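Trainee: Chains as they are written, first to last, in my numbering: chain A, 295 to 512; chain B, 93 to 416.
In case anyone wonders, no lab produced these hints; they're calculated from the structure. Misleading hints may appear alongside valid ones.
[As the list claims (entries may be wrong)] Simulated pairs of lysine-lysine, PhoX-like, Cα-Cα distance not exceeding 25 Å: (1) A:K490 <-> B:K416; (2) B:K401 <-> B:K242; (3) A:K485 <-> B:K395; (4) B:K326 <-> B:K346; (5) A:K388 <-> A:K442; (6) B:K416 <-> B:K401; (7) B:K264 <-> B:K395; (8) B:K120 <-> B:K264; (9) B:K290 <-> B:K401; (10) A:K490 <-> B:K242; (11) B:K242 <-> A:K485; (12) B:K330 <-> B:K346; (13) B:K346 <-> B:K281; (14) B:K326 <-> B:K290; (15) B:K401 <-> B:K281; (16) B:K264 <-> B:K242; (17) B:K346 <-> B:K242; (18) B:K290 <-> A:K490; (19) B:K242 <-> B:K120; (20) B:K416 <-> B:K395; (21) A:K442 <-> B:K324; (22) A:K485 <-> B:K416; (23) B:K324 <-> B:K346; (24) B:K395 <-> A:K442; (25) B:K264 <-> A:K485; (26) B:K264 <-> B:K401; (27) A:K442 <-> A:K485.
Quantities reported herein were computed from a predicted structural model and do not represent experimental measurements.
Chain by chain, the residues:
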Amino acid sequence: MRNDRRTTDATGRSGLVFLALIASVLPLPGGESAATATPALPVVTKPTPTQPAVGLPTDRHLDKEPPRATHGLDLVKMGWTYNCMDCHRLLEAKWHRDAPMVEHQNIRLIHGENRFCLNCHHPTNRNAFVDYDGSEIAESDVVRLCAKCHGTTFRDWQAGVHGRRNGYWDTASGSRSQLRCIQCHDPHAPKFPVMKPLAPPTYPARAAHPPTEGRAQH
Amino acid sequence: MNPVEPADGDSRTVEQACSPLTRRTFLKGSAASAVGLAAMAAALRPLLALEKENLTLDALLQRHYRELTPDQLGRILDRLEGECERTYGVHPEIRDIRPRDGTEFAYALNLGRCIGCRKCAHACLRENNQSRDSDEDINMSYIRVLELEKGGIDLETSDHYYDPGTVPRPGKYYMPVQCQQCREAPCTKVCPVRATWKEPDGVVVVDYNWCIGCRYCMAACPYDARRFNYSKPKLAAKHINPDQGYLSNRIRPKGVVEKCTFCLHRTREGKYPACLEVCPTGARVFGNIRDPDSEINYILQNKRVYVLKEDVGTRPRFYYFFDK
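Produce the complete structure using the sequences and hints provided.
Mentor: Following this line, the structure appears as structure tokens:
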């Protein structure tokens with residue numbers, strides 16, 4: 295599942311690059327025909343996608359990529375800075391939608407009893423999240439939003455035992471990073487997704503029983 | 093023969109005066125030493141054969157790690173680096189990293205979070221230079237991930253060969269098992285040559301050059317934490333991690349036992365072990381148990397931890413717990 299997502303993102307990205315290349319390289323065929331054809335889309339230069347580094351740069355042999363890769367995050371990683379209020383200043387906030395939305399079709403809210411957009415999203419400023427008292431929580435402060443309900447988990451996260459830490463356990467020797475809630479959990483469907491396990495050990499010749507036999511017993 | 097008193101003005105020493113070197117004694121002595129040399133050459137002949145098998149005389153006469161002077165150890169590290177470069181084509185940096193003062197390691201694993209993806213078992217090989225036939229081969233990994241039925245901890249029906257399309261499977265949970273770095277380690281007690289021992293920071297290590305390969309320790313270990321090099325380690329140059337420690341992840345010779353060392357070449361420098369670095373669910377917690385503010389102490393104080401096979405009295409440094 296993750297691989298599919300990654301490939302679609304990659305194709306989407308390369309598609310954008312391809313369009314940009316065509317727009318910049320292809321010479322427009324003369325004034326009159328250019329006027330009749332649809333005007334070319336403005337070329338937006340985007341920086342190469344970067345993720346905040348996780349762990350030590352010397353550990354290239356270890357796969358430390360955070361487990362979550364979503365469309366929205368990828369857009370941010372690609373350098374998009376989008377303003378939600380560009381659209382949402384026209385669209386009023388609703389507590390509940392019965393029909394699927396026109397936009398955000400990829401969002402499925404599978405978050406237990408927490409099934410209303412405005413439980414987390416701010417009703418008037420969609421670039422921010424909402425706190426208990428209706429005040430805004432900045433996007434970068436998402437941990438505080440999750441802590442509203444998941445207090446015990448937040449406490450453990452602060453102590454460094456929920457969510458992976460990378461780098462140095464001894465902060466006197468070097469710095470360490472800690473993954474934040476949405477680097478692992480999709481906030482709309484926070485249950486950890488199933489994964490393909492890596493290859494199992496094979497049957498060692500010295501063991502007494504072949505593994506299939508052992509498996510058949512239970 | 094009566095002792096001869098040297099006369100006054102005689103420049104000879106007492107020994108020279110007492111045993112004058114005659115032609116007869118000279119011939120006798122040289123014949124005896126010729127016989128001795130021949131005998132010694134014959135006795136040393138097997139060593140020449142050993143040299144061909146990549147075991148040098150230096151390696152054979154090497155002393156136990158804990159008896160080495162810094163000078164000797166430095167020469168050994170240079171020799172091992174050279175051997176690795178000649179055999180595997182990669183020049184490693186092999187260091188001797190000593191335990192830190194005021195440090196005792198402990199590990200905790202949250203079984204409620206582990207999903208059995210085996211990333212830790214594979215990262216272990218990437219880090220620790222174990223022998224492998226292919227990228228998929230993790231038979232020498234220090235970590236076995238057991239799949240167990242929910243509702244109990246029945247190791248006898250556990251399965252570490254599970255390979256479903258996706259994990260976690262319904263009704264199952266997963267328990268990675270590696271060296272528990274026991275405080276009462278049975279493996280160190282049975283070693284006939286004391287090639288394995290417990291370091292001050294709690295890590296049980298092996299001097300791979302002192303190990304005779306009898307595998308008593310493997311039989312004594314209740315956790316199947318040790319691996320034996322039945323053949324010379326097979327490692328492609330691109331798979332070799334050049335950051336190596338004498339007591340941890342340097343490439344082992346044939347015929348010795350190896351084990352998890354909590355990645356001591358990393359952890360003694362303050363880094364996290366490799367298995368923790370890659371865990372996608374953050375199920376692993378590692379730290380210094382002597383530091384009251386460490387993550388591991390938070391676990392021990394706030395979570396209900398248990399140790400594996402408590403009844404065998406090994407007092408592990410590896411704790412398991414179930415949590416959200």
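Trainee: A:K490 and B:K242 were given as a pair; does the straight-line alpha-carbon distance stay at or below 25 Å?
Mentor: holds (20 Å)
Trainee: Please verify whether A:K490 and B:K416 have alpha carbons no more than 25 Å apart.
Mentor: Holds, at roughly 22 Å.
Trainee: Hey, B:K120 versus B:K264, does the alpha-carbon distance stay inside 25 Å?
Mentor: Outside the cut-off at roughly 82 Å; violated.
Trainee: For the pair supplied as a hint, B:K264 and B:K395, is the alpha-carbon distance within the 25 Å limit?
Mentor: holds (22 Å)
Trainee: When you check the alpha-carbon spacing of B:K324 and B:K346, does it fall within 25 Å?
Mentor: Holds, because 4 Å separates the two Cα atoms, which is no more than 25 Å.
Trainee: Between B:K416 and B:K395, does the CA-CA distance stay at or below 25 Å?
Mentor: holds (11 Å)
Trainee: Please work out if B:K264 and B:K401 have their alpha carbons no farther apart than 25 Å.
Mentor: holds (20 Å)
Trainee: B:K242 and A:K485 were given as a pair; does the straight-line alpha-carbon distance stay at or below 25 Å?
Mentor: holds (19 Å)
Trainee: Taking 25 Å as the top limit, are the C-alpha atoms of B:K290 and B:K401 close enough?
Mentor: holds (20 Å)
Trainee: Going straight from one Cα to the other, do A:K442 and B:K324 come out at no more than 25 Å?
Mentor: violated (56 Å)
Trainee: Decide if the proposed pair is consistent with the structure: B:K242 and B:K120, CA atoms, cutoff 25 Å inclusive.
Mentor: violated (83 Å)
Trainee: Decide if the proposed pair is consistent with the structure: B:K264 and A:K485, CA atoms, cutoff 25 Å inclusive.
Mentor: Judged against 25 Å, a Cα distance of about 16 Å means the pair holds.
In this structure, the hints that do not hold are numbers 8, 14, 17, 18, 19 and 21, in rising order.
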